[in-house]
Amino acid sequence: MKKKLVAILTAMTMVLGLSACGEATTKTETANNDAVEATAETEAQNTETEAADTDAQTFTVGICNFVDDASLNQIVSNIENRLGEIEAEKNVKFEIKYDNCNADSNVLSQIIANFQADNVDLMVGIATPVAMSMQAATEDSKTPVVFAAVSDPLGVGLVESMDAPGANLTGTSDYLDTNAVMNLIFAQNPDIAKVGLLYDVGQDASTTAIAQAKEYLDGKGVEYIEHTGTNVDEVSLAVDAFIADGVEAIFTPSDNTIMTAELSIYEKLADAGILHYAGADSFALNGAFLGYGVDYANLGVETANMVADILLNGADPASTPVKTFDNGTATVNTDICDKIGLSFDEVKKTFEPFCTKVEEIQTAESFE
Amino acid sequence: MNFSDMVPLLQTALELGLFSALTVLALYLSYSMLNVCDLSTDGCFTMGATVGAVVAISGHPFLSIPAAILAGMLSGLIVAFLQTKMGVESLLAGIIVNTAWYSVNIAIMGNSSLLNMNKTDTVFSILKEKLEGTFLAGSYKLIIAALAVLIVLIFLSFFLKTRLGLAIRATGNNPDMVKSSSINPAFTTIVGLCIANAFTALSGCLLAQSQKSVNIDIGSGMVTIALASLLIGGVIIPRGGITRKAIGAVIGAFIFRLVYTVALRFNMPAYMLKLVSSVIVIIAISTPYLKRQLPLLKRRMALRKVGTNGEER
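Protein chains in written order, with the working numbering: chain A, -14 to 353; chain B, 45 to 357.
Simulated from the structure, these hints should not be mistaken for lab results. Misleading hints may appear alongside valid ones.
Using 35 angstroms as the maximum straight-line C-alpha spacing, the simulated DSBU-like pairs for lysine-lysine come out as follows [claimed, not checked]: (1) A/LYS253 - B/LYS129; (2) A/LYS199 - A/LYS334; (3) B/LYS172 - A/LYS127; (4) A/LYS308 - B/LYS172; (5) A/LYS334 - A/LYS179; (6) B/LYS163 - A/LYS82; (7) B/LYS335 - B/LYS289; (8) A/LYS333 - A/LYS253; (9) A/LYS334 - A/LYS308; (10) B/LYS172 - B/LYS335; (11) A/LYS333 - A/LYS199; (12) A/LYS342 - A/LYS199; (13) A/LYS324 - A/LYS253; (14) B/LYS163 - B/LYS174; (15) A/LYS127 - A/LYS199; (16) B/LYS205 - B/LYS223; (17) A/LYS205 - A/LYS308; (18) A/LYS205 - A/LYS342; (19) A/LYS127 - A/LYS82; (20) A/LYS205 - A/LYS127; (21) A/LYS308 - B/LYS163; (22) B/LYS318 - A/LYS82; (23) B/LYS172 - A/LYS82; (24) B/LYS289 - A/LYS127; (25) B/LYS205 - B/LYS342; (26) A/LYS324 - A/LYS334; (27) A/LYS199 - B/LYS163; (28) B/LYS163 - B/LYS223; (29) B/LYS172 - B/LYS289; (30) A/LYS127 - B/LYS318; (31) A/LYS127 - A/LYS253; (32) B/LYS335 - B/LYS318; (33) A/LYS127 - B/LYS174.
Going by beta-carbon spacing under 10 angstroms, a handful of chain A positions derived as facing chain B [said to hold, decoys possible]: (34) PHE44; (35) THR45; (36) ASP84; (37) VAL92; (38) ASN104; (39) VAL141; (40) VAL207.
Owing to the predicted nature of the structure, the values given are computational and were not obtained by experimental measurement. All residues carry an ideal CB built from backbone N, CA and C; glycine is no exception.
Work out the full structure, taking the sequences as your base and the hints as a guide.
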């Protein structure tokens, strides 16, 4: 029996040892974040942080991300930066607890329980599954929840209506206007005969957008082919199939699975001369011809503003409308333009009547 | 951090541990007893969750549980049929079915990858209403999870002592002997996998309903978690009858979640948890081995000491 105990204790000790590497995840953001102060903060946080800063009001915010991808990470960093700015403006302090469940719903539950044990004043859930788990977890405590990048909050039952959510949840939505992207495809090539639809059947955000795209293409009498993939390998195979099918353009909604695969498929598409139109600017960053839709940096800033409004001004989430965005920004990848033999200026001229802004970008792995 | 902060965390770990304990008991039957490593567990778990959710959403909270169990049995039947009647290798049969269930599960949810049960009556919401105002109000999840584990434990310990149960245990031990005793090992494998997968699906159904949402990834990694819990259980209770070992499996599931809770509590980033669980499993597996080796090592050390002394002399 003693040896069993020793085994368990060893396990626990190893956990503690490893956890030292992870100490950095709890960020105590201060207006002037110098290293010495930050270390001191982290060490003191378990004992008496509040006593140290009596002049500034402290709010604890728990942020949980769903999975690592360029768009979602951009939201997180913008929320954190904006909260940092608000700290300086309003003389308050936000203690941010950040974690990423990497799409594991059991771990997600435990992360949320951990936030609740920390008595967070507000939770931020990034992407639909996180928001839904937070909704269930805060049913009794009524801790305010601000979600970010939920494409269809009404459809999944997070809110009662977009203007008056009716409970402790509100947030920002990255709803995609599919027809606007379709208009761009036809502006670029009015005689297009075959369009490919690339998405993941497992991504709820894609379902509505793909249905809308089909309706649009049926209306135009243009042939479309759909291929789906649930991971990077399958998406690659789907792209090979599109090249064999001879499609001229491919449409992808704001789909996280295709997003994670974009860096491994863009060269194949460019070589085949297929233009990839997708529903987020981060696609263009990772090599798609065009990313159209919500500016996730702005979405992160607005999410942070909502957090501040609820915590500092006492706004009630139940009556704070869900924020949607004017989908006006088309981001065009100039590297791909060069490769395919299009001039960016011409592309810009073609697209300008259909969107509020046309921006250029070069292929990279992540936003700076 | 004080103790009152830890209580809700321990409760969450216990709840999650008990829900996954049902899957651990399923593997106890299929892996430890029947000697089949059933890799369809992830898909079957998700299937239990989706079927349970769809039935509950259509307004039948109580029917959702037998429905999920039936779906699990069907899943087990197909895996068993593939490996006993179609000549598909047992590991491969599990992998194939697991892959197929991805599509089937999305179809069950009506072409969607997630379902919200926030406004749905489930066994959990019903019990919660009943308990409102009593001192048990906060522990409705725990009660259902514990009840389910208890029922499955009692069922297993009785079933494995029946004639059929003994035949299933014998099939895992020595299929040739079973054959020569004129028992059909194909039949016992089918029955065993059906029952095991029924538990797995029940596990998924209850977890989804307690979390009030299902997404297509809910079961991913379940088979690893369950195997790890089973092995940890084996270290805690290495000897004893089938009931004692089954209880060990349940304790293993709880310890597995507890380790996660402790790790998260010490601000370890969530992505490190998989490494932690691997380390735990290595410790769990190698401890009994090292324990056996210990006398030998001691003797060697002693010998070496004598040897060096000898040279000096």
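Hint check:
Using a Cα cut-off of 35 angstroms, the hinted pair A/LYS253 and B/LYS129 is violated, with the two alpha carbons roughly 43 angstroms apart. Restraint check for A/LYS199 and A/LYS334: the C-alpha separation of about 27 angstroms stays at or below 35 angstroms, so the hint holds. Restraint check: the Cα-Cα separation between B/LYS172 and A/LYS127 comes to about 16 angstroms, which is no more than 35 angstroms; the hinted pair holds. In summary, the hint linking A/LYS308 to B/LYS172 is supported, as the alpha carbons are separated by about 33 angstroms, within the 35 angstroms threshold.
Under the criterion of a C-alpha separation no larger than 35 angstroms, the hint pairing A/LYS334 with A/LYS179 is consistent with the structure, at around 24 angstroms. A hinted pair counts as satisfied when its Cα atoms are at most 35 angstroms apart, and B/LYS163 with A/LYS82 qualifies at roughly 29 angstroms. Taken as a hint, the B/LYS335 and B/LYS289 pair is honoured in the structure, with Cα atoms around 19 angstroms apart against an allowance of 35 angstroms. A hinted pair counts as satisfied when its Cα atoms are at most 35 angstroms apart, and A/LYS333 with A/LYS253 qualifies at roughly 24 angstroms.
Distance check on the hinted pair: A/LYS334 and A/LYS308 sit about 30 angstroms apart at the alpha-carbon level, within 35 angstroms; holds. Under the criterion of a C-alpha separation no larger than 35 angstroms, the hint pairing B/LYS172 with B/LYS335 is inconsistent with the structure, at around 47 angstroms. Straight-line distance between C-alpha atoms of A/LYS333 and A/LYS199 comes to about 26 angstroms, which keeps the hinted pair within the 35 angstroms bound. Pair hint A/LYS342 plus A/LYS199 holds up; C-alpha atoms about 26 angstroms apart against a cutoff of 35 angstroms.
Taken as a hint, the A/LYS324 and A/LYS253 pair is honoured in the structure, with Cα atoms around 11 angstroms apart against an allowance of 35 angstroms. Distance hint between B/LYS163 and B/LYS174 is fulfilled; the C-alpha atoms sit about 17 angstroms from each other, no more than 35 angstroms. Restraint check: the Cα-Cα separation between A/LYS127 and A/LYS199 comes to about 40 angstroms, which exceeds 35 angstroms; the hinted pair is violated. A threshold of 35 angstroms between alpha carbons decides the hint, and for B/LYS205 with B/LYS223 the separation of about 19 angstroms falls inside it, so the pair holds.
The suggested pairing of A/LYS205 with A/LYS308 holds, with an alpha-carbon distance near 32 angstroms, which does not exceed 35 angstroms. Taken as a hint, the A/LYS205 and A/LYS342 pair is honoured in the structure, with Cα atoms around 26 angstroms apart against an allowance of 35 angstroms. At roughly 19 angstroms between alpha-carbon atoms, A/LYS127 and A/LYS82 fall within 35 angstroms of each other, so this suggested pair holds. At most 35 angstroms may separate the alpha-carbon atoms for a hinted pair to count; A/LYS205 and A/LYS127 exceed this at roughly 48 angstroms.
A distance of roughly 23 angstroms separates the Cα atoms of A/LYS308 and B/LYS163; the hinted pair therefore holds under the 35 angstroms criterion. Straight-line distance between C-alpha atoms of B/LYS318 and A/LYS82 comes to about 20 angstroms, which keeps the hinted pair within the 35 angstroms bound. For a cut-off of 35 angstroms, the pair hint linking B/LYS172 to A/LYS82 stands: about 30 angstroms separates their Cα positions. In summary, the hint linking B/LYS289 to A/LYS127 is not supported, as the alpha carbons are separated by about 41 angstroms, beyond the 35 angstroms threshold.
For the hint pairing B/LYS205 with B/LYS342, the CA-to-CA distance comes to about 41 angstroms; that exceeds 35 angstroms, so the pair is violated. As the CA atoms of A/LYS324 and A/LYS334 are separated by approximately 19 angstroms, the hinted pair is consistent with the 35 angstroms bound. A threshold of 35 angstroms between alpha carbons decides the hint, and for A/LYS199 with B/LYS163 the separation of about 31 angstroms falls inside it, so the pair holds. For a cut-off of 35 angstroms, the pair hint linking B/LYS163 to B/LYS223 is broken: about 53 angstroms separates their Cα positions.
A C-alpha spacing of about 32 angstroms is found between B/LYS172 and B/LYS289, which places the hinted pair at or below 35 angstroms, so the restraint holds. Taking the CA atoms of A/LYS127 and B/LYS318, the gap is near 31 angstroms; set against the 35 angstroms cutoff, the hint holds. For the given pair, A/LYS127 sits about 49 angstroms from A/LYS253 by alpha-carbon distance, which is inconsistent with the 35 angstroms threshold. With a C-alpha separation of about 26 angstroms, the suggested pair B/LYS335 and B/LYS318 falls inside the 35 angstroms cut-off, and the hint holds.
At roughly 21 angstroms between alpha-carbon atoms, A/LYS127 and B/LYS174 fall within 35 angstroms of each other, so this suggested pair holds. The beta carbon of A/PHE44 comes no nearer than 18 angstroms to any beta carbon in chain B, farther than 10 angstroms, and the hint placing it at the interface is violated. Given hint, A/THR45 at the interface with chain B, is violated; its Cβ is 13 angstroms from that chain's nearest Cβ, farther than 10 angstroms. Nearest Cβ of chain B to the Cβ of A/ASP84: about 5 angstroms, under the 10 angstroms cut. The hint holds.
Using the Cβ-Cβ criterion of 10 angstroms, the hint placing A/VAL92 at the interface with chain B is satisfied: the shortest such distance is roughly 5 angstroms. The interface hint given for A/ASN104 is met, as the beta carbon of that residue sits about 8 angstroms from the closest beta carbon of chain B, less than 10 angstroms. Satisfaction of the interface hint for A/VAL141 is found here, the shortest Cβ-Cβ separation to chain B being roughly 5 angstroms, below the 10 angstroms cut-off. The interface hint given for A/VAL207 is violated, since its Cβ lies 23 angstroms from the closest Cβ of chain B, which is over the 10 angstroms cut-off.
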